[in-house]
Amino acid sequence: MALTLTAKKGKESGRSRHFRKDGVKLLLMASPFVLFAFAFSYVPLFGWIYAFFDYHPGIPLNRTEFIGIQNFRDMFSDPRMGPVLINTLALSFLSILTAPIPMLFAVMVSEVKSGWFKRLVQTVSTLPHYISWIIVYALAFSMFSTEGAVNTIFSHLGISDTPVNVLGNYDRVWTVQTLLLLWKGVGWSAIIYLAAIVSIDSEQYDAAKVDGAGRLRTIWHITVPSIMPTFIVLLLLSISNLLSAGFEQYLVFNNVLVADRIEVLDLYVYRLGLVTGDYSYSTAVGMFKSVISILLLFTVNFLSKKFRGQGIV
Amino acid sequence: MNTQASAQPAGRTETKPARRRRKIDWKDFSFNAINYFILTILILITIYPFYYIFVYSISDSIEAQKGVTFWPAGFSLEAYQKTLTLPGIKDAAIVSLSRTVLGTILTVLCCSFFAYLITKEEMLLRKYVYRFVLITMYFNAGFIPWYLTMKTYGLQNNFLLYIVPSALAGFNVILIKTFIEQLPASLEESAKIDGAGYMRIFTSIIFPLSMPIIATIAVFAAVGQWSTWFDNWFLVENPKLQTLQLVLYTFLNQSSNLANATTEQLNRGDLVRTLTPQSIQMTITMLVTLPIVLVYPLLQRYFVKGIMMGAVKG
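Chains F and A supply the protein sequences, listed in that same order.
Okay, so the first sequence: first residue is 456 according to the numbering used here, each after it adds one.
Okay, so the second sequence: first residue is 909 according to the numbering used here, each after it adds one.
You may find that some hints are simply not true.
To give an idea of the interface, some chain F residues facing chain A are shown, with a C-beta separation under 10 Å as derived from the structure [claimed, not checked]:
(1) F491
(2) V498
(3) S532
(4) N624
(5) S699
Covered stretches of chain F, going by a simulated chain A footprint (3 or more residues, C-beta under 8 Å) [to be verified]:
(6) 476-487
(7) 514-526
(8) 577-585
(9) 663-673
The calculated BS3-like cross-link candidates involving lysine-lysine, where the alpha carbons are at most 25 Å apart (straight line), are [what the hints assert, rightly or not]:
(10) A:K974 to A:K990
(11) F:K476 to A:K1035
(12) F:K664 to F:K573
(13) F:K480 to A:K1035
(14) A:K1028 to F:K480
(15) F:K480 to A:K1100
(16) F:K568 to F:K664
(17) F:K476 to A:K1100
(18) A:K1059 to F:K664
(19) F:K744 to A:K1059
(20) F:K573 to A:K1028
(21) A:K1028 to F:K476
Just so you know, these hints were derived from the structure itself, not from any lab.
Every residue, glycine too, gets a C-beta built ideally from N, C-alpha and C.
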């Protein structure tokens, strides 16, 4: 590659030698960053080796037994694996199901004529994106605990006197978590759609108006088709993240009452590793997750290239 | 800041007159009414929880127990006074602040310098270097390998854990690189003729000129640093190194312990008027949220712009 570069750019040999020297110098300057990426992103991959050993913390790896793919076999007979996968997929599918909502929200915001109201809606709706899940938990707790705002308001209005414990509701936990995720993310996800809407040629709207189309029809025939490609890309990306249902969210909102139905794959990996201390099996489960996620990403990217003529990564 | 402010409305005014209608017809009116109504409800749903904890935190603790909805129940700043003197709060605030400041500086410097180097086409193996770093965005070794690697590097119970691993982020590099590439090349060339090296060109030309995107990245990074807690949760036990986020979480989970402590105090008659654990929780939540709520509307424009740049690139 360096050769083609010098051949293309260096017309005289003196300049090309100079060029080459600069190239080496630049490579040297970039090497600390390469090393950094290696140390923090590639080195952990070597840790996958623990999945093939019966590793226990404290005992060096060369004195532990090599067990091959035993851990991966164990996954199929692990009774907890089924429910955990169901939780993960259910929560992921629910969040995919709510994916059109940010798009709808963006369309609604773009239809607002008043500048200050538009800015207000955008500013307020993106705020929850920037706060941590711990703060979301604190807010949700203050809203939905038995002494929280919602129960207080309900009893003041005389709607219901028996306090409802929303965050400890076993049957509704998936719904509650999906709504919380939506509350946190809707404004943020809408930004990208708003960017797409701003770039729509306004002549299209003029033409539609001349033809006598109303607001709903211009939205349906102009706005929605223009942002559909964005929607598809985001949808494909979320499919590749199927197994990565938000770890922090479910870790924070986990409690004894709902633990069974909120334990997603990432949470299970953490519990196996740090709580139970089964490093090897935990690594195997984590590896299984990473490999499937990468495969999903490749598949989705391939499909996108094939049908849209453009990849997503 | 000003350029951003003028850039956005400009785009909007173009579409505005085109979409304006001459006559008021009831269909258009009802569309607007419904749209504004729904959006207003959504704003209220988003803002109310923040408002509620604020009102609760300045309410009189005992009266607030009967229920707060819209107005503060009495008024007292006792919760703030008490919370600020709670053990660990001051240390945690210092840790959170320093990780935010130092982490942001480090990531801005690393990402921007690397992005600049990558824009130099004469770099040997440039494509490979770029890909090697960028690809780290798409894979993740998993929890236990990450945990063990950080331990091996001696980052357990170490402040550096907060700021070092996040120093180089592929997404930031893409944003800065895209920005640098659209700067006029002539500036750099004239400096080069004057004999300036890469380092010199970066510090005196590229970095100052890239301020708009640097500001975006800095705000991204700062908010991220302020909100991150899982590194603290998994790898730092040292009470001197706790972040505010985790202190808040501990308080939320210990509400029962706290409740017991306060009732004990009541029974002993130590305090005439005491604080409920709820009040303290609300106040800590307020303290952790406040920096973001204050900084955020001012910098919202930067965020949006940065994201849009990313969108254009992708």
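Given hint F:K664 paired with F:K568 - CA-CA distance at most 25 Å: The hint holds at about 16 Å.
Any CB of chain A closer than 10 Å to the CB of F:N624? With a minimum Cβ separation of about 18 Å from chain A (threshold 10 Å), the hint on F:N624 is violated.
Pairwise hint evaluation, F:K476 against A:K1028, where the allowed Cα distance is 25 Å at most: Cα-Cα ~13 Å, so holds.
When I compare C-beta atoms, does the stretch 663-673 of chain F have three or more residues closer than 8 Å to chain A? holds (count 4)
Check whether the Cα positions of A:K1059 and F:K664 lie no farther apart than 25 Å. violated, 64 Å
Given F:F491 as an interface hint, is the shortest Cβ-Cβ distance to chain A below 10 Å? For F:F491, the interface hint holds, since the closest Cβ of chain A sits about 5 Å away, which is under 10 Å.
Proximity test - 8 Å, beta-carbon atoms, the stretch 476-487 of chain F to chain A, at least three hits: Satisfied; 8 residues make the cut.
Given hint A:K990 paired with A:K974 - CA-CA distance at most 25 Å: holds, 21 Å
Satisfaction of hint between A:K1100 and F:K480, Cα-Cα up to 25 Å: It holds: about 15 Å lies between the C-alpha atoms, which stays within 25 Å.
Three residues minimum, CB to CB under 8 Å: does the stretch 577-585 of chain F make the cut for coverage by chain A? Let me know. holds (count 8)
Decide if the proposed pair is consistent with the structure: F:K480 and A:K1035, CA atoms, cutoff 25 Å inclusive. holds, 16 Å
Straight-line alpha-carbon gap F:K664 to F:K573, limit 25 Å: Distance ~23 Å between F:K664 and F:K573 Cα, so the pair holds.
The earlier numbered hints that this structure contradicts are 3, 4, 7, 18 and 20.
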